[in-house]
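Residue numbers (the numbering used here), protein chains in the order written: chain A, 1 to 98; chain B, 1 to 287; chain C, 1 to 383.
Because the hints were derived from the structure by calculation, they are not lab data.
Note that this is a predicted model, so its numbers are computed, not measured.
Be aware that a few hints might be false.
To be verified - Far from chain C, by Cβ distances over 10 Å, these chain B residues were calculated:
# : residue
1 : E185
2 : R234
3 : S262
Stated by the list, open to error - Here are the computed lysine-lysine pairs in the DSSO-like style, where the Cα-Cα straight-line distance is at most 30 Å:
#  : chain 1 : residue 1 : chain 2 : residue 2
4  : B       : K204      : B       : K238
5  : B       : K49       : B       : K244
6  : C       : K34       : C       : K16
7  : B       : K22       : A       : K31
8  : C       : K40       : B       : K85
9  : C       : K197      : C       : K354
10 : C       : K66       : C       : K228
11 : A       : K31       : A       : K10
12 : A       : K10       : A       : K49
13 : B       : K13       : B       : K238
14 : C       : K197      : A       : K79
15 : B       : K204      : C       : K263
16 : B       : K16       : B       : K244
17 : C       : K66       : B       : K161
18 : B       : K22       : A       : K49
19 : C       : K16       : C       : K228
20 : C       : K263      : C       : K166
21 : B       : K22       : B       : K85
22 : C       : K34       : B       : K85
23 : B       : K31       : A       : K49
24 : A       : K79       : C       : K40
25 : B       : K161      : B       : K13
26 : C       : K197      : C       : K16
27 : C       : K325      : C       : K16
28 : B       : K16       : B       : K85
29 : B       : K49       : A       : K31
30 : B       : K85       : B       : K49
31 : B       : K85       : A       : K79
32 : C       : K197      : C       : K34
33 : B       : K49       : B       : K22
34 : A       : K31       : B       : K31
35 : B       : K49       : B       : K16
36 : C       : K354      : C       : K228
37 : B       : K85       : A       : K31
38 : C       : K325      : C       : K197
39 : C       : K325      : C       : K228
40 : C       : K325      : C       : K263
Yeah, the Cβ is synthetic: ideal placement off N, Cα and C, and Gly gets one too.
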Amino acid sequence: MRYEVGSVMKGSQDADLKMRLKMMILEECEKTADIIPENVPDTVRLFSKESGLDLDSLDALSIIMGLQQQFGIRLPDSKAFRRHVTTINELADFIQPE
Amino acid sequence: MIYIHAFGIHNVKPEKNPPDLKAVLRTLSGKVYRRIDRFIQLAIIGAHKAAASYELDPETALYLTSGQGDIPVFARVRQQRYLQKMMSKPVDFVNLASNAAGFYIASHLGLNGTNLFLSHNDFPVQMALLLAQSDLELQKQSTVLLGGVDEWFADQELSRKILGVNESTKLGEGSNWMLLKRDSEGAIASLTIEPELLDLSTLKERVALVGAAVRLAFSESLTATVINEIMGLRADHKRFNYEKFCAYYETLPLFALNLFLSRESGELLHIDSDGERYMIMRVGRPD
Amino acid sequence: MITILGGEMLCALGDKPQRLTALRTGISPLSSVKVNVGGKELIYPYYRIDDGSRISDHTIVTGYCKQIVSDLLQQNFTAGPLALDYSRVGLFLGLSAIDYSLAWPIEEAVDSSFVSRCRRERVGGGYYLASLRQTFGFSGPSLTYNTACTSSANALLGAASMLASKVIDYALVLGLELYSPTTLEGFALMQLLADSKARPFAEDRNGIVLGEAVSVCLLSRDDIAPSKWSLAGGVSACETWSVTGTDPSGSGFARVMRGALAKSQVPPEAITLIKAHGTASELNDRAEMRGIEQVFTDIPPYLSLKPWFGHTLGACGVAELLLLKECVDSGFIPAALNSTPLDAEFVQAPLAEKMVIDNGCFMLNYFGFGGNNSSLVVSKAGS
Numbered sequence: 001m002r003y004e005v006g007s008v009m010k011g012s013q014d015a016d017l018k019m020r021l022k023m024m025i026l027e028e029c030e031k032t033a034d035i036i037p038e039n040v041p042d043t044v045r046l047f048s049k050e051s052g053l054d055l056d057s058l059d060a061l062s063i064i065m066g067l068q069q070q071f072g073i074r075l076p077d078s079k080a081f082r083r084h085v086t087t088i089n090e091l092a093d094f095i096q097p098e
Numbered sequence: 001m002i003y004i005h006a007f008g009i010h011n012v013k014p015e016k017n018p019p020d021l022k023a024v025l026r027t028l029s030g031k032v033y034r035r036i037d038r039f040i041q042l043a044i045i046g047a048h049k050a051a052a053s054y055e056l057d058p059e060t061a062l063y064l065t066s067g068q069g070d071i072p073v074f075a076r077v078r079q080q081r082y083l084q085k086m087m088s089k090p091v092d093f094v095n096l097a098s099n100a101a102g103f104y105i106a107s108h109l110g111l112n113g114t115n116l117f118l119s120h121n122d123f124p125v126q127m128a129l130l131l132a133q134s135d136l137e138l139q140k141q142s143t144v145l146l147g148g149v150d151e152w153f154a155d156q157e158l159s160r161k162i163l164g165v166n167e168s169t170k171l172g173e174g175s176n177w178m179l180l181k182r183d184s185e186g187a188i189a190s191l192t193i194e195p196e197l198l199d200l201s202t203l204k205e206r207v208a209l210v211g212a213a214v215r216l217a218f219s220e221s222l223t224a225t226v227i228n229e230i231m232g233l234r235a236d237h238k239r240f241n242y243e244k245f246c247a248y249y250e251t252l253p254l255f256a257l258n259l260f261l262s263r264e265s266g267e268l269l270h271i272d273s274d275g276e277r278y279m280i281m282r283v284g285r286p287d
Numbered sequence: 001m002i003t004i005l006g007g008e009m010l011c012a013l014g015d016k017p018q019r020l021t022a023l024r025t026g027i028s029p030l031s032s033v034k035v036n037v038g039g040k041e042l043i044y045p046y047y048r049i050d051d052g053s054r055i056s057d058h059t060i061v062t063g064y065c066k067q068i069v070s071d072l073l074q075q076n077f078t079a080g081p082l083a084l085d086y087s088r089v090g091l092f093l094g095l096s097a098i099d100y101s102l103a104w105p106i107e108e109a110v111d112s113s114f115v116s117r118c119r120r121e122r123v124g125g126g127y128y129l130a131s132l133r134q135t136f137g138f139s140g141p142s143l144t145y146n147t148a149c150t151s152s153a154n155a156l157l158g159a160a161s162m163l164a165s166k167v168i169d170y171a172l173v174l175g176l177e178l179y180s181p182t183t184l185e186g187f188a189l190m191q192l193l194a195d196s197k198a199r200p201f202a203e204d205r206n207g208i209v210l211g212e213a214v215s216v217c218l219l220s221r222d223d224i225a226p227s228k229w230s231l232a233g234g235v236s237a238c239e240t241w242s243v244t245g246t247d248p249s250g251s252g253f254a255r256v257m258r259g260a261l262a263k264s265q266v267p268p269e270a271i272t273l274i275k276a277h278g279t280a281s282e283l284n285d286r287a288e289m290r291g292i293e294q295v296f297t298d299i300p301p302y303l304s305l306k307p308w309f310g311h312t313l314g315a316c317g318v319a320e321l322l323l324l325k326e327c328v329d330s331g332f333i334p335a336a337l338n339s340t341p342l343d344a345e346f347v348q349a350p351l352a353e354k355m356v357i358d359n360g361c362f363m364l365n366y367f368g369f370g371g372n373n374s375s376l377v378v379s380k381a382g383s
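Using the sequences and the hints given, assemble the complete structure.
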């Protein structure tokens, strides 16, 4: 399924988009049994200890694939992804700049 | 001779769908594992049953042997690629490396010793045990946790074909494990793997010399004619029938030995064949 | 003592004289391969044995194995294969792929007619050795190892055990790695592949270059067949840091190197050279160097052989041992290839100049997926 950009707001303001992102991340990383999407922080770096997600490089690859398949976003380099796409808000803005 | 200090049996005869192992694993271990497919779940369950209550030395070696290995993940990845035209999950690619199963067992049991994934077309159990016997006798390893894992694969027709078995063969799955040491103290039983691959006449000579109290078990690959000939060598030999408890999978000999340990005492002689040559294993359990 | 009698291999470098020329001159016959990554066809550097087809017919795979085994037997048993007691020969094989014998039909055509077309034939990891047993009549024990990049290194250790316990008198240890779309796609998807060259230990390295090899090594015991070359010992151990990576501190690598020295009863200062695993992935290279620094006060000369013929995964255990042996038997070890400029984190560069040497004690490192690490020590006595 591909995410259709229907709204015109900035991604970080789009609660629906952010919820979909969180669900995708938890699903791709097989974390749905441990963490509910509401507990994924918007402003904390996803790959930091503070996010409580405990993600590694294999998770980065899984998230990249999820972004590609569900949101049509291509992010070729997992290292760049881990460095640049740091929070849910930033990721949402990247998908939906305005 | 080496010694069996613990064992674990996981043996299933699925009818239509393979049982959900996630729940079994959660109940057993109290943990939720991610990234592991069914083959790895099966492997952990058996290893857990054999060793979780045993105080394991972290240096314990892990030898996992299998007939087909994790064929379902391989088939899944290829189907996604060629039929569904989609990318496989990175996790599936990682699990394609067969030793991923050993990695997760090591994580589960806190092991950091040698970790091997072994296979053999005809004698996956005997050859792995032979390696364990050599390593233990040479004191290259002090403890070996050895298991045979084979998964029931949903495509039964394909399964039978790549296993080279006939269409009427009922297939099962299992994860049967033994904790082995060179040391006899506290052992449940002794175990000897005869390294030679014997021809039928040598096999018969050996069996005829075996004492009356010894029970005989035969693998699925022995024909009824050969079994009758061997059973006819001595009137006082009795057969150990494990067959009614299982359907076919390639590491069944470990199930046969473990079932004997769980139900019987005395000595068991297990005979297996590749169609031409024979291998013998002996288990001795004190009364 | 476990003796190393000889070996034979097929790899991108060609036959033995061609291999030695490539190692002397630093010329590596790099080719390329198309890899389908998420529907997009990408081209990666690749080292191939030849331009022949691979997956169309799995007997090609067994054909390569039979060829090198036949060559090796001819070289080492001039009286003919019958001079060997085939019940005392063990067969050991390391391969990373789950199964080429099943791979070919599945990879070529997954469709509804596949099952009906599929032959009723036992396949599986043990297929190749079963085929060798049948062809040559070997009737001793055999065992196939599937532990990613350490597969054939671990097979060497298993063979050494069965030789030492006198279960067998000779062992043929094979390493097998051939073109597999599944493997290539997996490595590409995981973003592990380099776009041009393998540059182990270099600052600008950017990943692994994969390669093909089919290799076989003949081992025995000194009471049966003495040799100047011996497998002094080795250790294989698993670290559970991560299924795909290693502890960046190098502690997992250091553990097996220390273990290999202890099992071989060789002090660190006696190591002439380390054949590093050196995949040219940043994590692996740095962890290997950190591991070496923990084990050796004075770091011995080291190099990776992968810039010549690629990372041959399951085959590298045997293939890299044989390449090293061929070099030393010819009186040299080549200067490291593609390794400058050096990673700024490293204090010592890989072997900068060709080493003139015809004996010594060598450490061989192999590290793989699933936290599987192995280190071996082999030595060649002086004349």
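Structure-based check of all given hints:
1. Every CB of chain C lies more than 10 Å from the CB of E185 (chain B), the least distance being 22 Å, so the non-interface label holds.
2. Distance check on R234 (chain B): its Cβ is at least 27 Å (rounded) from any Cβ of chain C, clearing the 10 Å threshold; non-interface status holds.
3. Consistency note on S262 (chain B): stated as away from chain C, and its beta-carbon is indeed over 10 Å from all of that chain's, at 28 Å minimum.
4. For the suggested pair K204 (chain B) and K238 (chain B), the alpha carbons sit about 15 Å apart, so the restraint of at most 30 Å is met.
5. Distance restraint check for K49 (chain B) and K244 (chain B): the Cα-Cα separation of roughly 22 Å lies within the 30 Å cut-off, and the hinted pair is therefore satisfied.
6. Restraint check for K34 (chain C) and K16 (chain C): satisfied, since their Cα atoms lie roughly 28 Å apart, inside the 30 Å limit.
7. Between the alpha carbons of K22 (chain B) and K31 (chain A) the distance comes to roughly 15 Å, so the proposed pair stays at or under 30 Å and holds.
8. Only pairs whose Cα atoms come within 30 Å are accepted, and K40 (chain C) paired with K85 (chain B) is accepted, the gap being roughly 11 Å.
9. At most 30 Å may separate the alpha-carbon atoms for a hinted pair to count; K197 (chain C) and K354 (chain C) meet this at roughly 21 Å.
10. Between the alpha carbons of K66 (chain C) and K228 (chain C) the distance comes to roughly 27 Å, so the proposed pair stays at or under 30 Å and holds.
11. Pair hint K31 (chain A) plus K10 (chain A) holds up; C-alpha atoms about 27 Å apart against a cutoff of 30 Å.
12. Taken as a hint, the K10 (chain A) and K49 (chain A) pair is honoured in the structure, with Cα atoms around 27 Å apart against an allowance of 30 Å.
13. A C-alpha spacing of about 26 Å is found between K13 (chain B) and K238 (chain B), which places the hinted pair at or below 30 Å, so the restraint holds.
14. Taken as a hint, the K197 (chain C) and K79 (chain A) pair is honoured in the structure, with Cα atoms around 20 Å apart against an allowance of 30 Å.
15. As the CA atoms of K204 (chain B) and K263 (chain C) are separated by approximately 41 Å, the hinted pair breaks the 30 Å bound.
16. At roughly 19 Å between alpha-carbon atoms, K16 (chain B) and K244 (chain B) fall within 30 Å of each other, so this suggested pair holds.
17. Of the pairs offered as hints, the one joining K66 (chain C) and K161 (chain B) holds, with about 25 Å between alpha carbons and a cut-off of 30 Å not exceeded.
18. Using a Cα cut-off of 30 Å, the hinted pair K22 (chain B) and K49 (chain A) holds, with the two alpha carbons roughly 28 Å apart.
19. Of the supplied pair hints, the one linking K16 (chain C) and K228 (chain C) holds, its CA atoms being roughly 20 Å apart against a limit of 30 Å.
20. A hinted pair counts as satisfied when its Cα atoms are at most 30 Å apart, and K263 (chain C) with K166 (chain C) qualifies at roughly 19 Å.
21. A threshold of 30 Å between alpha carbons decides the hint, and for K22 (chain B) with K85 (chain B) the separation of about 28 Å falls inside it, so the pair holds.
22. A threshold of 30 Å between alpha carbons decides the hint, and for K34 (chain C) with K85 (chain B) the separation of about 17 Å falls inside it, so the pair holds.
23. For the proposed pair K31 (chain B) and K49 (chain A), the alpha carbon gap of about 21 Å is at most 30 Å, so the pair holds.
24. Of the pairs offered as hints, the one joining K79 (chain A) and K40 (chain C) holds, with about 20 Å between alpha carbons and a cut-off of 30 Å not exceeded.
25. Proposed proximity of K161 (chain B) and K13 (chain B) is supported: the alpha carbons are some 19 Å apart, at most 30 Å.
26. A threshold of 30 Å between alpha carbons decides the hint, and for K197 (chain C) with K16 (chain C) the separation of about 23 Å falls inside it, so the pair holds.
27. The suggested pairing of K325 (chain C) with K16 (chain C) holds, with an alpha-carbon distance near 11 Å, which does not exceed 30 Å.
28. Taking the CA atoms of K16 (chain B) and K85 (chain B), the gap is about 28 Å. The hint holds against a cut of 30 Å.
29. A threshold of 30 Å between alpha carbons decides the hint, and for K49 (chain B) with K31 (chain A) the separation of about 26 Å falls inside it, so the pair holds.
30. Proposed proximity of K85 (chain B) and K49 (chain B) is contradicted: the alpha carbons are some 39 Å apart, above 30 Å.
31. Of the supplied pair hints, the one linking K85 (chain B) and K79 (chain A) holds, its CA atoms being roughly 26 Å apart against a limit of 30 Å.
32. Distance check on the hinted pair: K197 (chain C) and K34 (chain C) sit about 16 Å apart at the alpha-carbon level, within 30 Å; holds.
33. For the proposed pair K49 (chain B) and K22 (chain B), the alpha carbon gap of about 15 Å is at most 30 Å, so the pair holds.
34. Our distance criterion of 30 Å between C-alpha atoms is met by K31 (chain A) and K31 (chain B), whose separation comes to about 13 Å.
35. A C-alpha spacing of about 25 Å is found between K49 (chain B) and K16 (chain B), which places the hinted pair at or below 30 Å, so the restraint holds.
36. A C-alpha spacing of about 22 Å is found between K354 (chain C) and K228 (chain C), which places the hinted pair at or below 30 Å, so the restraint holds.
37. Annotation: proposed proximity of K85 (chain B) to K31 (chain A) holds, straight-line Cα distance about 26 Å (limit 30 Å).
38. The straight-line distance between the Cα atoms of K325 (chain C) and K197 (chain C) is roughly 24 Å, inside the 30 Å bound, and the hint therefore holds.
39. A threshold of 30 Å between alpha carbons decides the hint, and for K325 (chain C) with K228 (chain C) the separation of about 11 Å falls inside it, so the pair holds.
40. Distance restraint check for K325 (chain C) and K263 (chain C): the Cα-Cα separation of roughly 21 Å lies within the 30 Å cut-off, and the hinted pair is therefore satisfied.
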